[in-house]
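**Q** Hey, can you work out the whole structure from these sequences and the hints?
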Amino acid sequence: MEILVCVKRVPDTSENEITVNRDGTDIEREDLVYSVNEWDNYAVEEAIRLRDAVGGSVTVVSLGPEEAEEVIRREMAMGADKGIHLMDPVFEGSDGRGVAAALKAEVGKGNYDLVLTGAQADDGAGQVGGMLAAMLQWPFAALVNHIEVSGDGILKIGREIAGGNQEFSEIRLPCVLSIQTGINEPRYVGIRGIRKVASLEIPVRGTAELGIPPEAVGEAGAKVKRIDYFVPQLGDGAEILEGSQEEIIDKLIELLKSKGGIK
Amino acid sequence: MAQIFAYILHKDGVVDDTALELRTAAATLDPEAAVTAVVTGSAGDLDNVCKEAARSFDTVWKVENDALAYPNAEVIRLLMKQLLPKNSRVLLPHEHFGMDLAPGLSVALEAAYLPDSVTFEGMEGDALKAVREEYSGMVRTHVRCDLSTGAVITLRPGAFAPDERKDKTGEIIDKTPEILQEGLQEAPRRFLELVEAEAGDVDITKSEVLVSVGRGIEEQDNLEMIHELAKAMGADVSCSRPIVDAKWMEKSRQVGTSGKTVKPKVYLALGISGSFQHLGGIKGSPFMVAVNKNPKAPIFQVADVGVVADILDFVPNLTEKIAEGAK
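Taken in order, these protein sequences are the chains called B and C.
First residue of the first sequence? That's 1 in our numbering, and the numbers climb one at a time after it.
First residue of the second sequence? That's 1 in our numbering, and the numbers climb one at a time after it.
The hints are simulated quantities; they were obtained by calculation from the structure and are not laboratory data.
Among the clues, some could well be false.
Said to hold, decoys possible - The list that follows gives simulated cross-link-like pairs (lysine-lysine, DSSO-like), each with its CA atoms no further than 30 Å apart:
1. C/LYS231 <-> C/LYS293
2. C/LYS283 <-> B/LYS251
3. B/LYS263 <-> C/LYS283
**A** Next up, the structure:
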C-alpha cells in the first residue's frame, strides 16, 4: 500500500503559553516551542504499522516554511520512507482550500492508495483532509480511530463518535482518512534516530513544480481570512486563591467542605 | 438573496438539540431570510422529525431513502450537491457528523468553508465576520468569510443559544423524487455497525464529586497521587482525553464530548487546560475548582475557584491536609 501522510508543524500547546502580540496580528511567536501536530503523529504511526503489515511505502508531506523540514525529518526518523516539502512564498495566508489544492497536486504526482491526515490541528479546524478527498473525488472519513485491511481495495474503519461510541464502516481505496488521537501509541523518536535521517534528501516543491496557478493558493485564493487574534473573556473567571501554599490549601479545603466536595 | 439551509441531525425520531442553535445562527446571518431545514433519513420516524423541524423552520425539505437509515456523510454529500441551489449558505453543527460532511461539501458546492464558529459578529458586504477559537481556546480570532459564492458553515455545539420558540408552521416538501436514487446505494463508504463504549468499573456519570486529571500529571506513575486525593475526599477519579489516549485510564473515565457527560456537584480539574470538548462533557453547573500551572489556561475562565500551581507539587500536600483533618 502506498500511503501519503500530511503533517504540519505547529506551536506545541502543552509546552507553551499562547499569548497574543501587542497589535493582535498574530500570536507571540518568539520563544515558542514547535513540534509536529499531535494528531499527525498518530497518522504517521498508523501508516507505518499498515506498511509493516501489508507492504508498500510511507511518504510524509508538509506544507510550510523552511522550518517544516524539521517535522518531516522527525517523522522520517519514526520510519516513514520518504519526505516531501511543499514550500512557496505564495502559500502564505492560504485557507484550508488552498492547502488542500497544493496537496491534491502532490497526490497527483504519486500513485497513492491511501492519504492520512490528522483529524485537526491546534491552529486549524480539521478541514484539509475532507477538502482534499472531495477534490480528488475519493471517499473520506473523519475522526478515524481504527483501521484494518478487510479485503481487496477495502478498509474496515472505526470512527470516534459521541459518548465514546465507535462507528464501523467499510471504505473503498483510494481514500482519505483523518486520524483521531488514541488510535495507536506513536513510537518514541530519539536523537539518534533523527541523526540517521539527517542527510536524506527531501525534495522541495513550489507552485511551479506542482503545476498549480499561484492565485489558487495563498491570500489571493482564500475565501476565509483571519483578521486578528484576541484573548477571550468568558464569564467572570475563577476566583484565584492567593497566599502561601498552606493558606491556599486551607482555604480550598474549607470551600470544598462547604460545597459537599469532601465527604 | 442567497438561501439559507440548516441540516438537521436526528436520532431515533428525535431532532437533535443543535437544530435550535442552527435557527439562532441563521437569524443572525440574515434576520429576513426564510430558512430551510434539510431532513434526510429512511421511513419510520422521518415524518415525526420533519414535523418537529417545521416548528422551528420556514420550510422543511425531506429526503427519504433506505440508504439514509444511518447518516453516512458520503451519501448525504452526494444528495446535498444535487439538491442545493447555487450560492446556498449551509449551516450544520461542528461535531463528528459535521466534521465528516462539511469540508468536502464546501468543495462539492464550490463554496467557502467556515469551520467551528463560536460567534457571528455580522455581515460586511458579502462577507461574514465571525469568531473562531485556536490553540485549545487559549486565543480567539476574528475571521472574514466571503459568502458571495455560497458557504458551508459549521457551528460549535452549545456556542449559539438555542431558539426554543417553536412558533413556526413550516411547509414540508418531499424532495425525494429529485434525487438520483441509484448513486446513493453504491456509496464508496458503507456503514456496518455501531459499537457502544464498554462500561467501566465506575460509572462517573453518577458521581457527585469528581477528581479529574489531565495532561499536567505528566507521567503514568504520578496518577497514584490523584487516586490518593480522591480517596481522601471520598470522590471518584475521571480524566481528560490525553490520559485515555496514553492508555493510562479506561475510556469510561473520560469526561468530554467524545467521552462521558457528567453532572457532579463538585468538579476538581487537575492539570486540565479546559478544551471545549472537555468542558462539553460537564453539565449541571458543578462547583468547579481548577488547579493548573498555566495562569492562562482556559479552564480558569469557567471554574469558580482557581489555584495557579503545579499539581505534582500541590496535590500531595492537599491530600495530606485533608487526611489530617479526617483524623
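**Q** May I ask which of the numbered hints given earlier this structure violates, with the numbers listed in increasing order?
**A** Result: no hint breaks.
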